[in-house]
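Going line by line, the protein sequences match chains A and B. Just so we're aligned: 224 in the numbering used here is position 224 of the first sequence, and the numbers increase by one with no gaps anywhere. Just so we're aligned: 83 in the numbering used here is position 83 of the second sequence, and the numbers increase by one with no gaps anywhere.
Bear in mind the hints are in silico, worked out from the structure with no lab data behind them. Remember, it's a predicted structure, so these values are computed and weren't measured experimentally. Any given hint might turn out to be false.
[Stated by the list, open to error] As a list, the in silico BS3-like pairs of lysine-lysine whose alpha-carbon atoms are at most 25 Å apart: (1) Lys192/A / Lys179/A; (2) Lys231/B / Lys276/A; (3) Lys151/A / Lys125/A; (4) Lys106/B / Lys90/B; (5) Lys245/B / Lys213/A; (6) Lys125/A / Lys218/B; (7) Lys245/B / Lys283/A; (8) Lys125/A / Lys145/B; (9) Lys254/B / Lys151/A; (10) Lys245/B / Lys253/A; (11) Lys231/B / Lys273/A; (12) Lys145/B / Lys192/A; (13) Lys90/B / Lys179/A; (14) Lys245/B / Lys313/A; (15) Lys106/B / Lys125/A; (16) Lys245/B / Lys303/A; (17) Lys273/A / Lys145/B; (18) Lys25/B / Lys253/A; (19) Lys316/A / Lys245/B; (20) Lys192/A / Lys254/B; (21) Lys231/B / Lys283/A; (22) Lys254/B / Lys313/A; (23) Lys25/B / Lys125/A; (24) Lys283/A / Lys273/A; (25) Lys231/B / Lys176/A; (26) Lys106/B / Lys316/A; (27) Lys106/B / Lys273/A; (28) Lys276/A / Lys145/B; (29) Lys125/A / Lys254/B; (30) Lys276/A / Lys90/B; (31) Lys254/B / Lys253/A; (32) Lys176/A / Lys22/B; (33) Lys198/B / Lys151/A.
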Amino acid sequence: MSTIWVYAEIHDGKLDPASLELVTKAKQLGDVEAVVLGSGATEAAATLGKYGAEIVYASDDQVYDDFIAQPHVHALAELIGDNAPDMLLFAMNYDSRDIAGRLSARLGSTLMSNVMEIESVDRAKTAIIGGSIIVDVALEGEPKILLARPKSFVAEETGGEATVVPVEAEIPEDAKKAKRVERHEEAATGPKLEDAPVVLSGGRGLQEPDNFKHLDELASAIGNAAVGATRAVVDAGWVPYAYQIGQTGKTVKPSVYLAFGISGATQHIVGMKGSKRIIAINKDEEAPIFQISDLGVVGDALKILPQLIEEVKSRKG
Amino acid sequence: MNIAVCVKHIPDPNVPPEMDGKYLKREGVQGVLDPGDEFGVEAALQIKEAQGSGEVTLVSMGPASAQEAIRRGLSMGADKGVLITDDKLKGSDALVTARVLAAAIKKAGEFDLIIAGVESTDGYTGTMPATLAEFLDLPQVTFAKTIEAGDGSVKVNRQTAEGYHVVECALPAVLTVTAGVNEPRYASFKGIMAAKKKPLENWSVADLDLSDDDVAIKQDVAEQTPAEERKAGEVITDDGTAAAKIADFLQEAKVI
Ligand SMILES: Cc1cc2nc3c(=O)[nH]c(=O)nc-3n(C[C@H](O)[C@H](O)[C@H](O)COP(=O)(O)OP(=O)(O)OC[C@H]3O[C@@H](n4cnc5c(N)ncnc54)[C@H](O)[C@@H]3O)c2cc1C
Ligand SMILES: Nc1ncnc2c1ncn2[C@@H]1O[C@H](COP(=O)(O)O)[C@@H](O)[C@H]1O
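If we strip away everything but chain B, and leave its shape as in the complex, we get:
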């Protein structure tokens, strides 16, 4: 089974984010493979291993530094990568991102499954994969908690607000995975060395036969303001009377 995995390179979530004008600063900051996408890479590798054949291709759109995210996935065990980099794509909305990734996936080969994260850690739009599925004219199953890939179909436990649904879907299809679908492996030293030699293609918008209109971004930040902050109130140290003080507070708020 051939699987494509969408992987995003994001500013390290453990470092306070910086803005670069209207956008999150992405260049010249410490970046990582989105932790949400490690679950996608792991899911693809597990399916490939269970089936004993096929290839895992990583696809990413981002600045040149996004190579690092692909290398990271390759060192976990993926076979090859494709990176789409173009100045025209800076500040892309989910629609343009999906259009570009769909074109790249079509050009990269034939896939039985396309896997992405439920939402990116930095942007959390949470819709790119569904938009991608529509561009590829494929069904999608989002929020996978478990995946059983069979011949020609896939069975997924899909998280819902109050539990989960079991969904069966014909392949090819697009899946999104939740945190907890698996335990992403660490890249071994051998894996890191091997990744350096794995194929990584670099494409631009022109390589994908997309017009300027196709990548025109139809939303723009008009204004930015700091969110209203709540003020810190009283902080007390428990000396055995804290429970009574909390109860006083609840009474004042008229909830008891």
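Just chain A, with the same shape it has in the complex:
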């Protein structure tokens, strides 16, 4: 039986939900163990256990909150040396990417990014060319390192209890070079983009930043909805980066995705084409987004939005 390790990211004591997705997937491949480093790790170990991790290596040391990647790599390399897992799974998030990347050099292990499916300990799939071709990749050497896109797998609680093994790595001073000195995070309101059953997404076709207020209004009329955006408008500074959907942003799979004034570039589509139903409103009948929409409306998003808000309000009574 293979041993699969999941590196579980933790922020302010909160476990990254993608780590539970990875634990669930790993359970189909072998015995699952997890590593969690930073404040709140020991508490998080219990949750990882509920999803199927049998052993959780944990340390609550703040050194992992304060410094980027190097302490984690130091601790992981030690643990891996002692335990020799067959595969290491990371979620493709900011910190995990850095840690996985460094670990690849430290261990001389090949690393595969953007993983969407894992078939066995030496085979995984990803999409290339903006999601149009699926490649099935054979991996050699031990341990393999995989960075999986969040939302590739569905987390399932199985019930269980993990044995917690404290991590006691001594972090050398020269691994404490990149230090977080301030944190500026915007607390998101309403349901999270990744979890909302309805996503209302805006692109450059909304003409100006102020018009995103229509999406906010529609979101509150619908209720369980979150607002997203394309990179074009994020780069233009209309909305924060946290709104971005696509290859370099979030992956969403809502029940309904509504695209307002979005052309449908492959890099955007790759982040939303797993949606159950897609509605697109675009004034250009040739817009590529219509090729993947269940309902396409050729029209002016700015005219339709206020009407739709009224329509939804009146139907909800």
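Given chain A's structure and the hints, the job is docking chain B with the ligands onto it.
For chain B with the ligands alone, coordinates are given in the frame of chain A:
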């Protein structure tokens, strides 16, 4: 301050990509300097200009045509370039790419900063720079939105999922830059002419003292299949009733 910038030559992203067997076709197609790397070149030039001294060296691994990407960066104002070309490197994974670039950077000189893009436009692995940093035994700060380079340290606003963190890091270090960190300059005619005379070295794997084992690629495409396509559904033209039709659809989907 001496700065190395990793620059990648990629097939023009505005032209539909072609495959060459297992890999993206790179030779005989229109290529460009990865737009993500223009931000890296610009960041290096701005730091050099602010400090009034130092050199900017561009480092790239790729086929001979990748010279064009280096020339482009030189015409923006970088001082010199190094290109590593070798048939053995075709289809390299991020690990081998990082090992080769690390060896080339060590051979090219001493640098206070090494700058790369967050992810390449064609491959978007997004891990090469972190792997490179580990090979060089340097810290790294990825996803820079702003950079303030001082004496012996750098201060970066690092993008996170919900905002940004301010990170301070001792130099030398590896940085990756996001789109939007700056506004890359255009190459002037004078710059393009000057670039033709700037030094550009060509190295192979043998020049870097790397063994065949060091550049052995440990992942391979076993199979390729077209992704399942979603089918286009109904497309209507708004005649004033589209909002009602969308609302019907939302009701059918039971979300309102
Ligand atoms: C490496 C890389 C990574 C990328 N990652 C991402 C990513 O993660 N996410 C992402 O979204 N993009 C990403 N992109 C960018 C992507 O290629 C597109 O540029 C971007 O998605 C386009 O955004 P848009 O649809 O808002 O703008 P545009 O392409 O400009 O489209 C605007 C659309 O609005 C329509 N329109 C105009 N006015 C109206 C109106 N009044 N009513 C209705 N429709 C109207 C137009 O017909 C047009 O189709 C990436 C690009 C690269 C190179
Ligand atoms: N072959 C290469 N030559 C030079 N730089 C590269 C190469 N591959 C990747 N890079 C750099 O590493 C960054 C991230 O690339 P990647 O990890 O491949 O997505 C790119 O934006 C480049 O700056």
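Hint check results:
1. Lys192/A / Lys179/A: Not satisfied, since the Cα-Cα distance of roughly 28 Å exceeds 25 Å.
2. Lys231/B / Lys276/A: holds (12 Å)
3. Lys151/A / Lys125/A: Answer holds: lysine 151/A to lysine 125/A is near 14 Å, not above 25 Å.
4. Lys106/B / Lys90/B: holds (22 Å)
5. Lys245/B / Lys213/A: Given pair lysine 245/B, lysine 213/A holds - Cα atoms ~22 Å apart, limit 25 Å.
6. Lys125/A / Lys218/B: The given pair, whose Cα atoms are some 15 Å apart, holds under the 25 Å limit.
7. Lys245/B / Lys283/A: OK: lysine 245/B and lysine 283/A at ~16 Å, within 25 Å.
8. Lys125/A / Lys145/B: Given pair lysine 125/A, lysine 145/B is violated - Cα atoms ~31 Å apart, limit 25 Å.
9. Lys254/B / Lys151/A: Cα-Cα ~23 Å, so holds.
10. Lys245/B / Lys253/A: Holds: lysine 245/B and lysine 253/A sit about 22 Å apart, inside 25 Å.
11. Lys231/B / Lys273/A: holds (11 Å)
12. Lys145/B / Lys192/A: Distance ~24 Å between lysine 145/B and lysine 192/A Cα, so the pair holds.
13. Lys90/B / Lys179/A: violated (37 Å)
14. Lys245/B / Lys313/A: holds (14 Å)
15. Lys106/B / Lys125/A: violated (34 Å)
16. Lys245/B / Lys303/A: Satisfied, since the Cα-Cα distance of roughly 14 Å is no more than 25 Å.
17. Lys273/A / Lys145/B: Since the Cα atoms of lysine 273/A and lysine 145/B sit roughly 29 Å apart, the hinted pair is violated (cutoff 25 Å).
18. Lys25/B / Lys253/A: Distance ~32 Å between lysine 25/B and lysine 253/A Cα, so the pair is violated.
19. Lys316/A / Lys245/B: It holds: about 15 Å lies between the C-alpha atoms, which stays within 25 Å.
20. Lys192/A / Lys254/B: holds (19 Å)
21. Lys231/B / Lys283/A: Distance ~20 Å between lysine 231/B and lysine 283/A Cα, so the pair holds.
22. Lys254/B / Lys313/A: OK: lysine 254/B and lysine 313/A at ~15 Å, within 25 Å.
23. Lys25/B / Lys125/A: holds (20 Å)
24. Lys283/A / Lys273/A: holds (21 Å)
25. Lys231/B / Lys176/A: violated (51 Å)
26. Lys106/B / Lys316/A: violated (66 Å)
27. Lys106/B / Lys273/A: This hinted pair is violated, its Cα atoms lying about 43 Å apart.
28. Lys276/A / Lys145/B: Status violated; Cα separation ~34 Å.
29. Lys125/A / Lys254/B: violated (33 Å)
30. Lys276/A / Lys90/B: This hinted pair is violated, its Cα atoms lying about 39 Å apart.
31. Lys254/B / Lys253/A: Distance of about 16 Å is within 25 Å: holds.
32. Lys176/A / Lys22/B: violated (41 Å)
33. Lys198/B / Lys151/A: violated (47 Å)
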